[in-house]
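Just so you know, the protein sequences line up as chains P and G, in that order.
All residue numbers for the first sequence refer to numbering that gives the first Met the number 0, where the first residue is 0 and numbers rise by one.
All residue numbers for the second sequence refer to numbering that gives the first Met the number 0, where the first residue is 0 and numbers rise by one.
These are calculated hints, taken from the structure and not from any lab test.
Hints may contain errors.
Sample of chain G residues facing chain P (criterion: CB under 7 Å; computed from the structure) [said to hold, decoys possible]:
(1) P1
(2) P3
(3) T4
(4) L8
(5) G9
(6) R11
(7) P15
(8) P18
(9) G20
(10) A33
(11) E34
(12) P35
(13) I39
Because the structure is a prediction, the values reported are computed rather than measured.
Using N, Cα and C, we set each Cβ at its ideal position, and we do this for glycine too.
Okay, here's what each chain looks like letter by letter:
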Amino acid sequence: MIEPFRAANRGWRTATVSGVRRPIARAVQLRLDVHDRVDHLPGQHYVVRLTAPDGYTAQRSYSVASAPGDPLVELFVERLDDGEVSTHLADVVEPGDELEVRGPIGGWFVWDQVSPALLLGGGSGVVPFVAMLRTARALGRTDLLRIAVSARTRAELPYADELEAAGALVVLTREANGIRPPGRLTAMDLVPLIEPGQTGYVCGSGPFAEAAGQLLVELGLDPADVRVERFGPSGGPA
Amino acid sequence: MPTPTRGFLGRRARDPRLPPGQYDVGSDWPVLTAEPTPRIAPETWSVTVDGRVERPTTWTWDEAHQLPRSEYRGDIHCVTTWSKFGTWFAGISVDTLLDAAGPTAEAQFVMATSKTGYTTNLPLADVTGGKAWLVWEFDGKPLTPEHGGPVRLLVPHLYFWKSAKWISKLTLLTRDQPGFWEQNGYHDRGDPWRQQRYQGD
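Sequences are here, hints too, so could you generate the full structure?
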């Protein structure tokens, strides 16, 4: 856990944008070649800083979707209409651009790659879990992860194909998913995913994180074994 | 100064109340916590001041409300880059608690502990002299659980992770020890005007 922090200590560095994709509406997936990079742990985030010609800066945190073994760092950015940084990343950034980044950051919302984990993601809150899933695949240990994700519609769920292929429970709140009517994640949904010794990870908007965290506690997880990462249109990444 | 980012002009106003790298969140108040929100009934809440003090003391909800009321009106700043202007909190001054408990001469630091086990460390000088509060009211209403109710620490001149929610204990120490986020990559002191966000800043 020491090594990743050293990277943050070394401060800002340059990343060259290698790929820009828009797999779903109102979002952008950036593949970055981070110069002098230190490997992250799955669940950590990067900070992206934009600088205006007058020296004004704006910075926001974005979860990493890629596994540590990926030669590039993949960030998934939800585009918020009033998001000063996310609109620039989604609308302006092109391959070949250089961005200032800092990371990896965060020593709490990380998966240790050996313990069982129950992952609950809402909307773009699934991104750190994609990093965990890809890491588990590289290690041949996808058996350690149980994943449930929630979005308004399937078209708005980041990494939907990849998550479904991994066996994630997909809950949609505004449309049916197969035989499942629209609705929120419930305790009944999670019962089959609970296993002894799991650490629960919850990532999503404030309301999602609040509800999902309480579900895990109701299902018997010790609150000390539940790690929560919240964000939202006004919260963290903007 | 860093190299300008191609095509970025910066939409936000350059408000002098904003520390560097912060934006005005407006009327919103984002919730950021690392753990599930605990539900704590006010009648079961208490706060203890212990460690390097002459008189370790515990106050219940009712006892804390007997202490002189103290308010904070001003701005708060979160390390995730939002700032909120013109907040209004009410409760008691940390000075009142420390005056009662009597820090010993060697006390230099404070570890704040939450009911959940969350911790954050502060120099004693950052919570004395009218700079820190225990608050149970926001905008004249009871502080809600997701914002740290019934009672949270408020240290508004530092990034807001220092303002521990669900505060239950202030332990005075002779030496500094890292708290929860301070062990997890964040800065030891967290002065927003110096952008002390992460270790090494």
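Hint check:
1. For the restraint placing G/P1 at the interface with chain P, the shortest Cβ-Cβ distance is roughly 5 Å, inside the 7 Å limit, so the hint holds.
2. With a cut of 7 Å, the hint placing G/P3 at the interface with chain P holds, because the nearest CB-to-CB distance is about 5 Å.
3. For G/T4, the suggested interface contact is upheld, since its CB lies about 4 Å from the closest CB of chain P, less than 7 Å.
4. The interface hint given for G/L8 is met, as the beta carbon of that residue sits about 5 Å from the closest beta carbon of chain P, less than 7 Å.
5. For G/G9, the shortest C-beta to C-beta distance to chain P is roughly 4 Å, which falls under 7 Å, so the interface hint holds.
6. Because the closest C-beta pair between G/R11 and chain P is about 6 Å apart, less than 7 Å, the hint holds.
7. The criterion of a C-beta within 7 Å of any C-beta in chain P is not met by G/P15, whose closest approach is roughly 13 Å, and the hint is violated.
8. Because the smallest distance between the Cβ of G/P18 and any Cβ of chain P comes to about 12 Å, over 7 Å, the interface hint for this residue is violated.
9. Contact between G/G20 and chain P, as hinted, is supported at the beta carbon level, the nearest pair being about 5 Å apart and thus within 7 Å.
10. This hint holds: G/A33 has a C-beta 6 Å from the nearest C-beta of chain P, less than the 7 Å allowed.
11. The closest approach between the C-beta of G/E34 and any C-beta of chain P is roughly 6 Å, which is under the 7 Å cut-off, so the hint is satisfied.
12. Interface hint status for G/P35: upheld, as the beta-carbon distance to the closest one in chain P is roughly 4 Å, under 7 Å.
13. Because the smallest distance between the Cβ of G/I39 and any Cβ of chain P comes to about 12 Å, over 7 Å, the interface hint for this residue is violated.
In the structure shown, a violation is registered for the earlier hints numbered 7, 8, 13, in ascending order.
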